[in-house]
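Novice: For reference, the chains in residue letters:
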Amino acid sequence: MPITETRLARTGRTGSGGGVPFSGEGTPPPAPRGLLAVRLPARRPGVWAAALLLAAFALAALLAPVLTRYDPIATDTLATSLPPGSPGHPLGTDQLGRDLLARILYGARTSLIVGIVAAAITVAAGVLLGGLAAAGPRWLDEAISRVADVLLSLPMLVVVLALAAVAGPSLGTVILAVAATAWMPVALVTRAELISLRERPYVRAAHALGLSRGRVLVRHLLPGALPPVASIAAFEVGHAILTESTLSFLGLGVPPNRPSWGNLLTEAQAHLLTGEWYTVAFPAACVVATILAVNVLASTISGETR
Amino acid sequence: MIARFLIRRAATALAVVAALSALCFVLLDVAPGSPAASILEARSGGRPATPAAVERLEREMGLHDPLPVRYGRWVAGAARGDFGDSYGTGRPVGEVLADTAPWTLLLTAAAVLLSVAGAIAVGLAAALTRRAWLRRGIQTALFALGGMPGFVSALLLMWIFSAWLQVLPSGGLNRPGEPVTAGVLAAHLVLPALALAFGHHFGTYARLVETGVGRLRSAPHVENARARGLSRWTVTVRHLMRPGLVPFTARLGVGVGGLIAGAYATEMIFSWPGIGRQAVLAAREQDYPVLTAVVLVTGVIVVLANLLGDLAVAWLDPRVRLTGKARHAHH
Amino acid sequence: MTPGGAGGGAPCPGVGAWSEERAEGARAGRGGCGGSSPHKALEIVDLAVTVPGGRRVVDGLSLAVPDGRIVALAGASGSGKSLTARSVVRLHDPSVRVEGTIRVGGLDVMGMGRRELRRVRGRRVGYAFQDASAALNPTLTIGRHLAETVRAHGAGDPRELGAGALERCGLDPEQVWEARPYELSGGQVQRAALAVATVLEPELLIADEVTTALDPETQAEVLDTIRAQGRAVLLITHDLAVAGRWADEIAILAEGRIVEQGPSGRVLDEPEHPFTRDLVAAARLDAPFEPGEPAGEPVRSLRGVRRVLHGRGRTTLALDGVDLDVRAGESVAVVGRSGSGKSTLVGVLAGLDRPEAGRVLAGERDVWGLRDRERRALRREAGLVFQDAQASFDPRYTVERVVAEALGGREGVAELLERVGLDPALAGRHPSTLSGGERQRVALARALASRPRILLADEPTTGLDVLAQERILDLLARLRREEGLAIVFVTHDPRVARRIADRVITLDAGTVLSSG
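Going down the list, the sequences are from chains A, B and C. Plus 3 on top of the position in the first sequence (first one is 1) and you've got the working numbering. Plus 142 on top of the position in the second sequence (first one is 1) and you've got the working numbering. Plus 1095 on top of the position in the third sequence (first one is 1) and you've got the working numbering.
Be aware that one or more of the hints could be misleading.
[Claimed, not checked] So the derived label-pair ranges between C-beta atoms look like this: (1) B:Leu209 with A:Pro48: 57 to 65 angstroms; (2) A:Pro93 with B:Gly314: 29 to 37 angstroms; (3) B:Arg150 with C:Glu1459: 49 to 57 angstroms; (4) A:Leu81 with B:Glu197: 49 to 57 angstroms; (5) C:Asp1461 with B:Arg146: 42 to 50 angstroms; (6) B:Ala157 with A:Arg72: 54 to 62 angstroms; (7) B:Ser186 with A:Leu81: 39 to 47 angstroms; (8) C:Ala1250 with B:Arg146: 51 to 59 angstroms; (9) C:Ala1472 with B:Arg278: 51 to 59 angstroms; (10) C:Gly1201 with B:Thr271: 36 to 44 angstroms; (11) B:Thr271 with C:Ala1376: 46 to 54 angstroms; (12) C:Ala1376 with B:Arg272: 54 to 62 angstroms.
[Claimed, not checked] A few chain B residues facing chain A, derived, Cβ under 10 angstroms: (13) Leu169; (14) Ser176; (15) Ala179; (16) Gly292; (17) Leu298; (18) Trp301; (19) Gly404; (20) Ala407; (21) Thr440.
To be clear, the hints were calculated from the coordinates, so they are not data collected in a lab. Cβ atoms here follow ideal geometry from the backbone N, Cα and C, with glycine treated the same way.
Work out the full structure: start from the sequences and follow the hints.
Specialist: Next up, the structure:
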């Protein structure tokens, strides 16, 4: 061709918002997405750091009994309030003489299990309900979307608090409370993705080729819907950990005698002003690092560059 | 058009409040323990009540009536501000609410102001700057903020300003015998308001501002505004910000709910005498009348905030009046 | 073309074949065709525009627009037309480097500071953009747009000037002052945008593809309005027919420079530069129409088809009792304004959308009376080509995968690509990296993969420049000749319809207005 339609390099970079309405010629090329959205960009050290950190936390939680010889709930009146770096207690001890490292390791077990299980239930329920809303009859769609809308406009932490108070603190309560109050965004995103994909010309083109509904679903709809759903699923893990730690921090989540990062913080809060900052800093750093790492992975999956 | 839009939103709001009240009532109803026993215990200073006395009071309180009747009575009472008596102190719940709610409103209002002003300032800076490093820096900081639970930011602020620098009080407002002057109030307000504002979805807001405004930067209507010789100020405020802030404003209504919910932990940490702290204490002590009343009141405030947010969006972007879908007006 | 433009003696000599389409309008007091007015509203000398990345898209461009004359700047898409137009009032981002001399009414624009530049923008140069509804702020009323422009220049009473501008552009101020852009029709918005651009009576108007998105009737109305105002206009367009009918002079932009400039009639009738010749030949669509084999059996038929579309809160009757036979080997063009039901017709013919009433027949068989499996087999007998080719490909797929999916295997992909005139080496690329014309060929290859008997093409050349459009039309004509393919071709351009079809049917509000 003598004249190729050159796309003018567009000026004025925008944020990750996308969808820039230009008056110019040519369409900007869409960002290619990986089929399963798990192709992590190898050149981004942040992504690898996040993945490694999560793996390390998971491993540490699994191997807690190997990594420390202390019992996380055993008190030791001879070794109270030791600062970090004390012999035998690398992170120090709290006012009851409990080893902080042991408590954080065992706490990781609780926090990670709650995060993963609650997120798994949330995502499964959300995808199922969203898929039903997108594919099912109109009344079902209306019902699911309305309920999700109503629940979304409620302060869910408050409702969870009430639920937890009535049901009594336990691991199961926390997981169910998180799932019951967090499925809505997953369902709405799944539904919106499926519906918007269904109306895309390329899906229509696939139908026009005589492909069956099942094939169109497997070849075009699911691979297209997966990245955003996977991304929000990852965010849900972070959200679940956050909710667990907040509930436990308020004394309404995981039972107080069972170490979790939130519980550790509740007890340590009082010592913040008395110089034992480390009893707060270490568990808080764990919570923040975990949620950040999960969010980094989630936004990588969703293709957002930062 | 705008009237129809409002009616639709108000109807939704009403449905939400109805759902919430039903939820609260069911919670109150299935909660373990007998309210009558708790009240008798509270009245007699902790002595367990005889089963006969409990039974008599339960009859008096109508606890044996069918569920819809009890729900109707509870709703009617709630509408008048009568939520029964606290199990813990025996005080009317309405009084407890009246004592604590103003504190929470003050704290939340301060936090909302801080949050909105901060998000717009930071988001605009990131959207409009030509320096890539500044934009990236802001984006990274906001991302990091997004990984921090509200109570962790509260603890961090308290540690920096109360424990380390020792410039601001860590709590203890409204102690008996200490009059609350404006100066005392302001000093006590700073940390919780900051913690609440920056610990709850602040990153989300700032990013909504950034992407909303940023993606309009080279939009045709903005180029047109520049091509007509309008001043930089007019172009920025009227043509970039007004349409660009729609997604942010749409989210804000919902976000106020998040702030009020977040106030629970913040109030606990800074022992701020608001309804959030009251709710957590009530939940720990299983004082269900107080707890459910607080949940309901919080819910109503949140729903009202949502409605306000919808109104603001409808004013900013008249298009949403057509579809009535304010909350989905983004991208 | 539609009524409104013909009539009025052609003032320029040698306009020849294009003269019937010349618009004259009220251009009294003009300097005549050949003679150049001494005073120039716009003068560009040796303009160079470098986009970020270092590519110099415009390089050594010189161009003048005399007072009161309309100069069309024509060229293929991506040739730098809009970059040039934007340079006149320096709208570019600082990352775009602009060099050269630009004078508006004798004033040097390149040397101006921000404040001086603001006084030129809007006041001396009005700028009308391609997509008017996007170029106006959706949250503001039309009146507010007009008023803010007047106020920014402190030019007088906003209401009075604004109303005057609206009237000049053929709008009723009472009716549109309080309206927001999205509440107006396409033609109305474009007029409103013109009023906003010319509210201060600038001596130069830059009209950047202002009618590309409009149907021909509305296009003619809007361009007549511009012409009637008598100011100097730099008319950016990729459509030589538009340039020939409404501009006094045409400047052809290629490879970053003006390769040819002269009176419209001369440029179109005696193009000098080879590129202009190609462009003119393509734009005329004057390749001879070759009728195919005599039409055979009906391949697809519609009987009393009715289809309702459920949109947001409103339902529209897209097709209302349509009868149609498409016979083997014949070519049918479907024309009509936007929203007349053209695309819906394609979906129904393809057996994708089920009509609410009426029957869709494939030969003797009722498509919607069949079982799912049989209907899917029938769909393979029809090849579908969409307006937006890129959107019709799964974004994850390469060219090869797109075609292979339709073929049911990789075998034969290369051959198919060659048949539509594509290099098989492109197979490994993503369609998004191809040009618009190449993408549409990939779509054609996919449509042909199942050896269809009928090809349904929904505006396949809209958005392509004239050269790419011509090649696609050629290809379709050849396919029809060589393979006896029936073609249903949806277009809003009557010239394209005449060029491609044995018969043209006109749709209006879901019913067939005329057929033949």
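Novice: Are the hints correct? Go through all of them and say.
Specialist: Okay, the hints, checked on the actual structure:
Judged by the Cβ atoms, the range 57 to 65 angstroms given for leucine 209 of chain B and proline 48 of chain A holds: they are separated by roughly 59 angstroms. Distance hint for proline 93 of chain A and glycine 314 of chain B: a CB-CB separation of about 35 angstroms, consistent with the stated range 29 to 37 angstroms. Between arginine 150 of chain B and glutamate 1459 of chain C the beta carbon distance is about 51 angstroms. The supplied range of 49 to 57 angstroms therefore holds. Between leucine 81 of chain A and glutamate 197 of chain B the beta carbons are some 54 angstroms apart, a value that agrees with the proposed interval 49 to 57 angstroms.
For the hinted restraint 42 to 50 angstroms between aspartate 1461 of chain C and arginine 146 of chain B, the CB-CB distance of approximately 43 angstroms keeps it satisfied. Under the hint 54 to 62 angstroms, the C-beta atoms of alanine 157 of chain B and arginine 72 of chain A, about 57 angstroms apart, fit the expected range. Taking the beta carbon of each, serine 186 of chain B and leucine 81 of chain A are about 45 angstroms apart, inside 39 to 47 angstroms as hinted. One distance hint, 51 to 59 angstroms for the beta-carbon pair alanine 1250 of chain C and arginine 146 of chain B, is violated here, with the actual separation near 39 angstroms.
Here the CB-CB span from alanine 1472 of chain C to arginine 278 of chain B is close to 55 angstroms, well matched to the stated 51 to 59 angstroms. Between glycine 1201 of chain C and threonine 271 of chain B, the C-beta spacing of about 37 angstroms keeps the proposed range 36 to 44 angstroms intact. Between threonine 271 of chain B and alanine 1376 of chain C the Cβ separation comes to about 50 angstroms, which falls inside the hinted range of 46 to 54 angstroms. Under the hint 54 to 62 angstroms, the C-beta atoms of alanine 1376 of chain C and arginine 272 of chain B, about 46 angstroms apart, miss the expected range.
Evaluation of the leucine 169 of chain B hint against chain A yields a held restraint, the C-beta minimum of about 5 angstroms falling below 10 angstroms. Interface restraint check: serine 176 of chain B against chain A, minimum CB-CB distance 14 angstroms, threshold 10 angstroms, status violated. This hint is violated: alanine 179 of chain B has a C-beta 17 angstroms from the nearest C-beta of chain A, more than the 10 angstroms allowed. With a least beta-carbon distance of about 7 angstroms to chain A, the hint placing glycine 292 of chain B at the interface is held under the 10 angstroms criterion.
Interface restraint check: leucine 298 of chain B against chain A, minimum CB-CB distance 7 angstroms, threshold 10 angstroms, status holds. The interface hint given for tryptophan 301 of chain B holds, since its Cβ lies 6 angstroms from the closest Cβ of chain A, which is under the 10 angstroms cut-off. Here the hint on glycine 404 of chain B is kept, as its CB sits about 7 angstroms from the closest CB of chain A, short of 10 angstroms. This hint holds: alanine 407 of chain B has a C-beta 6 angstroms from the nearest C-beta of chain A, less than the 10 angstroms allowed.
A cut of 10 angstroms between beta carbons decides the hint on threonine 440 of chain B: the least distance to chain A is about 5 angstroms, and the hint holds.
Hint compliance for this structure: hints 8, 12, 14 and 15 are not met, and every other hint is.
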